[in-house]
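Required output: the full structure, derived from the provided sequences and hints.
Line by line, the protein sequences are chains A and B. The first sequence runs contiguously to residue 610 in numbering that gives the first Met the number 0. The second sequence runs contiguously to residue 86 in numbering that gives the first Met the number 0.
Keep in mind the hints are simulated off the structure, nothing from the lab. Any given hint might turn out to be false.
Unchecked claim - Under the rule of at most 30 Å between Cα atoms (straight-line distance), these lysine-lysine pairs were calculated in the DSSO-like manner: (1) A/LYS402 / B/LYS79; (2) B/LYS70 / A/LYS22; (3) A/LYS332 / A/LYS497; (4) A/LYS323 / A/LYS497; (5) B/LYS79 / A/LYS323; (6) A/LYS497 / B/LYS79; (7) A/LYS497 / B/LYS17; (8) B/LYS17 / A/LYS502; (9) A/LYS332 / A/LYS502; (10) A/LYS581 / B/LYS17; (11) A/LYS502 / B/LYS79; (12) A/LYS332 / A/LYS402; (13) A/LYS332 / B/LYS17; (14) A/LYS502 / A/LYS402; (15) A/LYS497 / B/LYS70; (16) A/LYS323 / A/LYS581; (17) A/LYS402 / A/LYS323; (18) A/LYS581 / A/LYS497.
None of these values were measured; they are calculated from a predicted model.
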Amino acid sequence: MTIEWVHPGLLLIFGAWVIPFLKGPLKRVAMLAIPSAALIVCILMDQGTHGVVSVAGQKLVFGRVDDLSLIFSYVFSIIALVGMVYALHVDDDTQHVSALIYAGAALGVTFAGDFLSLYIFWELMAISSVFLVWRRRDRSAVAAGFRYLLVHVVGGLFLLAGIVIQWSQTGSFEFVDLEGSVGTVGWAFILVAFLVNAAVPPFSAWLPDAYPEATVTGAVFMTAFTTKSAVYCLIRGFPGTDLLIWLGAAMALYGVVYAVLENDARRLLAYHIISQVGYMVCGVGIGTELALNGASAHAFAHILYKALLFMGAGAVMQVTGRRKLTEMGGLYKTMPITLGLYMIGAFAISAVPLFSGFVSKSMIVSAAGEEHLSGIFLALTLASAGTFLHTGLKLPYYMFFGKDSGVRAQEPPRNMLVAMALAAVACTVIGVFPSLLYDHLPFDAERLDAHPGSAHGSWKTEYPAGQEAEYSPYTLGHVTATLGMLAFTAWGFFLLLKHLDPKPTISLDTDWFYRRGTGLVARLLGPLAHLERNFIGEIYESVIRRPVLGLAHLVGRFERTVVDRAVAAVGRWTQSLSGVLKTMASGHAQHYALIMAAGLLVLLALAVMSL
Amino acid sequence: MSFLERQLEDPVRFARIKRGFYVFLAVVIAAEIVLPLVFPGDPHHLGFESFPAFGSLYGLISCVAIIVLSKLIGVVWLMKREDHYDD
Numbered sequence: 000m001t002i003e004w005v006h007p008g009l010l011l012i013f014g015a016w017v018i019p020f021l022k023g024p025l026k027r028v029a030m031l032a033i034p035s036a037a038l039i040v041c042i043l044m045d046q047g048t049h050g051v052v053s054v055a056g057q058k059l060v061f062g063r064v065d066d067l068s069l070i071f072s073y074v075f076s077i078i079a080l081v082g083m084v085y086a087l088h089v090d091d092d093t094q095h096v097s098a099l100i101y102a103g104a105a106l107g108v109t110f111a112g113d114f115l116s117l118y119i120f121w122e123l124m125a126i127s128s129v130f131l132v133w134r135r136r137d138r139s140a141v142a143a144g145f146r147y148l149l150v151h152v153v154g155g156l157f158l159l160a161g162i163v164i165q166w167s168q169t170g171s172f173e174f175v176d177l178e179g180s181v182g183t184v185g186w187a188f189i190l191v192a193f194l195v196n197a198a199v200p201p202f203s204a205w206l207p208d209a210y211p212e213a214t215v216t217g218a219v220f221m222t223a224f225t226t227k228s229a230v231y232c233l234i235r236g237f238p239g240t241d242l243l244i245w246l247g248a249a250m251a252l253y254g255v256v257y258a259v260l261e262n263d264a265r266r267l268l269a270y271h272i273i274s275q276v277g278y279m280v281c282g283v284g285i286g287t288e289l290a291l292n293g294a295s296a297h298a299f300a301h302i303l304y305k306a307l308l309f310m311g312a313g314a315v316m317q318v319t320g321r322r323k324l325t326e327m328g329g330l331y332k333t334m335p336i337t338l339g340l341y342m343i344g345a346f347a348i349s350a351v352p353l354f355s356g357f358v359s360k361s362m363i364v365s366a367a368g369e370e371h372l373s374g375i376f377l378a379l380t381l382a383s384a385g386t387f388l389h390t391g392l393k394l395p396y397y398m399f400f401g402k403d404s405g406v407r408a409q410e411p412p413r414n415m416l417v418a419m420a421l422a423a424v425a426c427t428v429i430g431v432f433p434s435l436l437y438d439h440l441p442f443d444a445e446r447l448d449a450h451p452g453s454a455h456g457s458w459k460t461e462y463p464a465g466q467e468a469e470y471s472p473y474t475l476g477h478v479t480a481t482l483g484m485l486a487f488t489a490w491g492f493f494l495l496l497k498h499l500d501p502k503p504t505i506s507l508d509t510d511w512f513y514r515r516g517t518g519l520v521a522r523l524l525g526p527l528a529h530l531e532r533n534f535i536g537e538i539y540e541s542v543i544r545r546p547v548l549g550l551a552h553l554v555g556r557f558e559r560t561v562v563d564r565a566v567a568a569v570g571r572w573t574q575s576l577s578g579v580l581k582t583m584a585s586g587h588a589q590h591y592a593l594i595m596a597a598g599l600l601v602l603l604a605l606a607v608m609s610l
Numbered sequence: 000m001s002f003l004e005r006q007l008e009d010p011v012r013f014a015r016i017k018r019g020f021y022v023f024l025a026v027v028i029a030a031e032i033v034l035p036l037v038f039p040g041d042p043h044h045l046g047f048e049s050f051p052a053f054g055s056l057y058g059l060i061s062c063v064a065i066i067v068l069s070k071l072i073g074v075v076w077l078m079k080r081e082d083h084y085d086d
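As structure tokens, this is what we get:
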């Protein structure tokens with residue numbers, strides 16, 4: 000690795016360890032300086048291939064820097080910084096360190112040019128993020144953390160197996176468009192691993208299970224990295240895979256259905272992450288340059304507004320200690336700033352004109368229209384209405400307005416408000432000046448080079464002229480149609496309001512299979528277990544356990560006779576030596592000075608003699 | 000009492016807001032029907048997009064469909080008591 004190129008991910012991963020050694024204001028400075036440094040490194044970075052390391056004959060590429068990896072790296076480091084501002088008041092180094100490592104690992108995934116380095120950072124993401132759940136230190140949080148880890152370990156194994164199979168067939172670890180291997184086992188395994196992290200049903204239950212159980216500040220980081228780095232990997236490896244169109248559209252609707260039923264504020268938002276990532280997955284599946292640009296832009300916008308929404312719901316949770324909609328209401332009187340900032344996020348996710356979602360989501364929906372996919376177009380537009388219905392109407396209505404719960408809360412700590420304001424400004428600026436985002440989109444009349452033999456990250460124009468993504472969201476028809484859709488969704492909401500009252504329930508999801516299904520499996524496997532205890536148990540006893548115990552006995556005796564005595568002898572020797580030293584250590588300064596002077600004299604004598 | 004509180008708690012003012020909302024609905028749907036006739040040329044790739052007031056109608060239909068169908072699935076199948084996984 001050259002000195003000229005600094006990996007921003009490693010900067011976060013190693014920089015994070017400084018935080019536990021600092022105190023007070025210095026610690027807070029470091030918490031902001033480390034992600035800021037990563038952001039600056041990303042902005043100043045030159046395109047090309049950096050950080051190439053050869054390990055055991057394999058070339059690992061830690062820095063594939065091109066338009067696609069850059070746009071994801073910008074938003075990942077921005078949200079790491081915003082998240083740290085939000086967490087400034089938290090006195091828990093474990094959370095800060097794991098959040099920064101998590102962000103660093105996401106950057107590592109983004110810049111990985113080969114599957115091996117991708118795999119390392121992929122696993123690091125899972126391991127570091129689970130601490131953000133565990134550190135809530137609630138019984139339910141610990142259990143949810145373990146389920147989260149379980150799913151991601153299985154997903155990671157799929158990735159590893161896929162990589163190995165892919166390597167055995169192609170002889171290459173290069174992470175490029177897998178178009179050439181469509182339908183092979185390796186291709187399928189890698190796709191499944193990416194789908195697990197992107198929370199595509201039926202592999203999605205881990206997300207609404209774990210995110211609402213995370214700490215108030217930890218959840219903000221979680222909303223950003225895992226699913227969106229998976230979207231990045233899908234854009235890189237699986238553009239134009241038809242299956243993803245349908246999975247993505249189904250996903251967008253799935254999140255909406257569950258959000259109707261949900262009572263936990265942050266879980267409702269978590270279901271809407273699935274819904275929103277559905278748009279991106281769908282965009283990857285459509286695979287035209289407009290759709291892929293849309294998926295990238297939507298990931299960028301989504302990370303900012305979803306973090307803002309989680310920060311708003313987290314702020315309410317922080318000051319009231321409540322998380323269920325049935326227990327909230329009437330908070331607008333005492334938390335107007337939180338309400339205002341939350342609503343900016345809600346407008347952004349609902350694609351209200353002048354906010355970020357409007358300029359990013361519509362790219363994907365328009366791409367579906369351009370390809371004449373009417374079913375997909377209608378499904379995505381339906382999900383859009385559902386997004387506004389829940390995030391823009393239901394959640395704020397029951398959290399801030401609705402029946403007054405009698406809770407008298409105050410605004411959250413100032414750093415939380417500042418972090419929310421930063422995200423809110425970003426959402427609005429992108430909405431008002433979309434070209435700021437569009438200028439950085441990767442597929443500007445160019446398309447990712449699909450041929451593995453060529454240089455990393457080179458882009459090649461393959462599209463005929465006249466088909467460039469000269470996309471403009473602010474057309475008259477688009478604005479009026481969107482406003483009409485939103486306004487009449489709001490009308491429908493108020494008409495059906497009494498049917499929307501949240502109920503104190505939870506909803507079944509595919510996590511049932513590993514929360515309850517295991518009991519069923521155990522019952523089915525009962526006879527097998529019996530066999531195991533009697534037959535295999537006997538074999539185990541005589542083949543493994545007894546020899547191992549015998550060996551352990553021998554080792555124990557060696558330990559007692561030889562090692563123990565040696566240790567005791569060293570101890571005795573040290574003790575007698577310290578007896579001697581004790582007499583020298585009188586505690587009088589003049590004695591020490593005398594000894595030092597004597598030593599100096601001896602040194603001088605030696606020096607003179609050697610001359 | 001804050002500005003927002005006054006608007007929502009006072010029945011007279013609240014009724015005014017409600018009226019304003021209905022006027023807004025009317026304006027929006029009128030704009031969606033009239034404006035494409037006055038300024039044609041918006042690119043439409045799918046036939047139903049040029050249906051008059053497609054956005055408004057589809058928004059209302061979507062909203063009702065989502066609430067009714069989700070509630071149905073929820074009540075029949077998915078919604079369980081909060082201690083469902085606890086035993």
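Taking the earlier hints as the rules, which of them does this structure contradict? Checked against the structure, the hints that fail are numbers 2, 10, 16, 18, while the rest are satisfied.
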